[in-house]
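Listed below are the residues making up each chain.
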Amino acid sequence: MKKWLRENSWRHAIGIFICLFSIFPLYLVVISSFNPSGSLQLTSFIPKVLSWNNYHTLFKSPAIPYLTWMKNSLYIAGSVALISVMIGSAAAFAFSRLNFTGKKLGIQLLLLVQMFPAILAISAVYVIMERVHNFAPDIGLGTQPGLLLVYLGGAMGVNIWLLKGFVDSIPMELDEAAKIDGASAVQTFWLIFVPLAAPVLAVVTLMSFIGTFNEYILARLFLVNMNTRTVAVGLQQFIGGQYSQNWGPFAAGSIIASVPIVIIFLSLQKYIVSGLTAGSVKG
Amino acid sequence: MMTLLRGKVAYVLKLIVVLLISVVMLMLTQHAVAQHEYAIAIFLAIAVILIAFTYLTQVSVPLKFFIPGLLLLFAFVLSPILYTVVMSEFNYKTGNILSKQQAIEQIVSRAVEPDANGTSFDIKIGVSNGVPALLASDTINKTYFLATEKSRTDLTPDQVTLDANEVAATAPNFRVLTPSEMQTADTKYSNARFYYGKAGYFVTLEGFDVGIVSHQVLEYLPQQGIFKSLVDDSVYRDNGRGNFALVTDSSNMLNPGWRAPIWFENYTKLFTDAKVRGPLIRVFIWTMVFATGTVLTSFALGLLLAIAMNKPMRGRRFYRSILILPYAMPSVMSILIWAGMFDTEFGAINNILGTHIAWFQNPSFARFAVIFVNLWLAFPYFYLISSGALQAIPTELNEAAAIDGANPRQIFRKITLPLLLQILSPLLIASFAFNFNNFNLIYLLTGGGPRNVLSGEIAGGTDILISYTYKIAFGSNTQDLGLASAISVVIFVIVAGISLYGLRKSKVLETFK
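Chains as they are written, first to last, in the working numbering: chain A, 328 to 610; chain B, 556 to 1068.
A couple of the hints might just be wrong.
With the C-beta cut set under 7 Å, the calculated list includes, among others, these residues of chain A facing chain B [as the list claims (entries may be wrong)]:
hint : residue
1    : Arg458
2    : Leu475
3    : Ala482
4    : Val485
FYI, nobody ran anything at the bench for these hints, they're computed from the structure.
The beta-carbon is built from N, C-alpha and C at its ideal position, and this holds for glycine as well.
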C-alpha cells in the first residue's frame, strides 16, 4: 500500500490538478450559460438556480441570428470538407499510382507552397477578391461562395500526405487486376480506391470540417453582412468587448457550437493522434 | 455505377458537365474583360482551355486528377503569394489605392471650385426626357431654369409650380426623382456637371437640394502627363511615387494618388525609417519571446503530464479524455471564453484571486495572459506527442542504465530527455513556426493591445508580427498594403527558414528510426 502511494499518488495528483485546469473554463461557461442574469459576474461557482433564459435569447432575439450563423457554418465547413477531400484524394491517388514527368518536383513544390502560412497573403487575397467582386459580385469579396473558393485553394495540399500514405498502403495487385479487366485510371480511382478508402476519407472529411469550422480571420474579412456570418465570426462580433452584457447568450452559443466539434474530435481521437505524430500541427 | 463511368452515357454526362463549367467561366471571362481585369480574364480563359483539353481528350491522364486542385491552388494560394511580393514593391496605401487612370479621373472631377460670387440655387433633381436633370430656382429673383448635362432651358414663373419653400417643384418635361430612386442615383448625379450657359462654368450638386455654379481649376494635359492649374498656371508633375506634386513645392500633392512602383523602398523603410523600425523591432522581439515561451511552457506541462501518465494506472483513460478537451474545443470559442475570464470587473480570474487587475491594460500582465491562455490551449497537443514519443523509446535503454546504477533522475536527464528531444524536435520547430503566426490567439484575446493610443502607435504590447501586419494592412485610419506586404515577405523568409530547418531535422528522424 505504501509503495503504491509512493509510486502512484504523485501521478494522480498531477492528473487531477491538470484535469481541473482543463475543465475549469469549460465548467464556467456551462454554468454561466444557465445563469438567469446572463451577466459575466457569477455570485458563486456552484449554481443555485438554473435557467434556460440565455438559450432562449439566443434563438429568439432578433439581434442574434444564431441559427442562420450555425447554418452558414455547417454549409461552408461541410462543402469545403466534401470538395476538398475529393480534390485531395484525387491528387494523392495520382501521386501514388500514376507515373508522369515532374512527379517528384510536383510533390516538393506542393510541400514548399504548404509552408507559406496562408495568413501572410491575406491582404493579397483581399485585393484580388475585391477585384473579382467588381466584375462578378456573386463570387467576390463579401460572399460565401468567394470564401469557399479561397478555402478550397488549399484543398490539394492540406490532407494529401495522410491520404497518400493510405493509397500507398493499398496493395498494387488490386490495381493491376483492375487494369487487366480493362479499367482506366479514373475507373480504378472510383471503383477500387474510393470504396476501399471510404473510412479514411470520412475521417479526413471530418477533420477538414473541424478545421474550416474553426477558421476565423478569412471568414471575418469576407463575411461582413450579419446574415452571412459563420458562427465563429458571428459570436465574436456579438461579444465584441461587451463581455459584461452579452456573456450569457454568448456562453450558450459557444457551447452549442462546440459540442458537435468536441464529439467529432473525441471520436476521431485515434486518427488525429496518429496524424499528429506524422507531422501535422495544430496548437 | 459502372454505367456512369463507362460508355456513351458517361461521355455525354461528362460533356454536359464540362460544357456547363466552361460556359460559366467564359461568361466570367467576358465580365472580367469588360472591367479591364485582364490578368484574371487570362487566367480564366486558360483554365477553360485546360479543363476542356483535359477532360475531353485522353492526352494526359494525371491531369484529370490534378486540374481542379491545381487551378484552385494557383488562383487562391500561388497568385496571392506572388501578388504579395508584387504589392510589396508598390506605394500602395490609403490615398494611393487606385490605378493611375482612375486617379487622374478623380482629380479632374474633384478639381472644381465655386465661382467668385458663390452663386447657388435651390434645386430639385429629376429626369428630363430620360436623362438626369435638375430644376434650379433663384428664389430671390424668381428665375427658374431646367438644366441637363447638355442644355439649359430658362423657364418663366408660370411654367413652374412652387413648393412651400418657394422652390420650383414641377416643370414641363421634368419629373422629380422618387425617394427610392434617390438612394441609387447618388454617383450618377453627384459627379454630373449640369449645363449653366457661361463658358467654363457649370452647376454641380452640393447635396440633393443645392446646386452651385462651379468651374474647373485643374486641367490634365495627356501629352505632357501633367496637371495645369487654370487659375494661376502652376504645374503638377508625376513625382514617380504615385502622386502629382507641385513643381515648385514637392510636398504639395494632388489627391488621390495611385499605386506606383517604388521597388525596394518598402523594404528599406523597415530598417531605415525610425517610425517603422522602432515598433517593428519591439514586435519582433515579443514575437520571438512569445513563440519560444509558449512552446517551452506548453511542452513542459505536456511532458510532465505524459511522464505522470506513462504507466498503466487506474483512471488513466478518464484523465486522458478530460485532458484532451481544451484541444478538442474549437479554439476560437476557447479564446473568446478566456478573454471573458480575464475581464477586469467581473472576470473569473480576478474573482478567484480576489484581485482587481486590469489584465489587458498592462503590457506585462497582457503578455502573461497570452502565454497562459496558449498554455491551456496547447498543452494537450504536447501531452499527446510526448506520450507517443515516450512509448517509442525502447525500455531496454532505461533498464540497462538502471543496471549500471543510474537513478531515475539520471536516467531521465541523460537518456529519456535527449532522445525525446531528438524525436520531437521537428514537431517543436513546427509548433514554433505555427505560434510565430498565431494570429487568432492574439487578435481574439487582446487585439494586440494594450497600445499607446495617445502617441498614435498602432503596435500594441502583445502584437506579434502577423497581427501587426494585419493592422498595417487593414487598420482603421490608414491602410498601407505595400508596407504590410513587405513585412509579410520578411516573415515568410523567416518562417520558411525555420520550417526548412525542421524538415531537415525530420530527415534525421527517419534515419534514426
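For each hint, the structure was consulted:
{"no.": "1", "hint": "Arg458", "result": "holds, 5 Å"}
{"no.": "2", "hint": "Leu475", "result": "violated, 10 Å"}
{"no.": "3", "hint": "Ala482", "result": "holds, 6 Å"}
{"no.": "4", "hint": "Val485", "result": "violated, 10 Å"}
Of the numbered hints listed earlier, those contradicted by the structure are 2 and 4.
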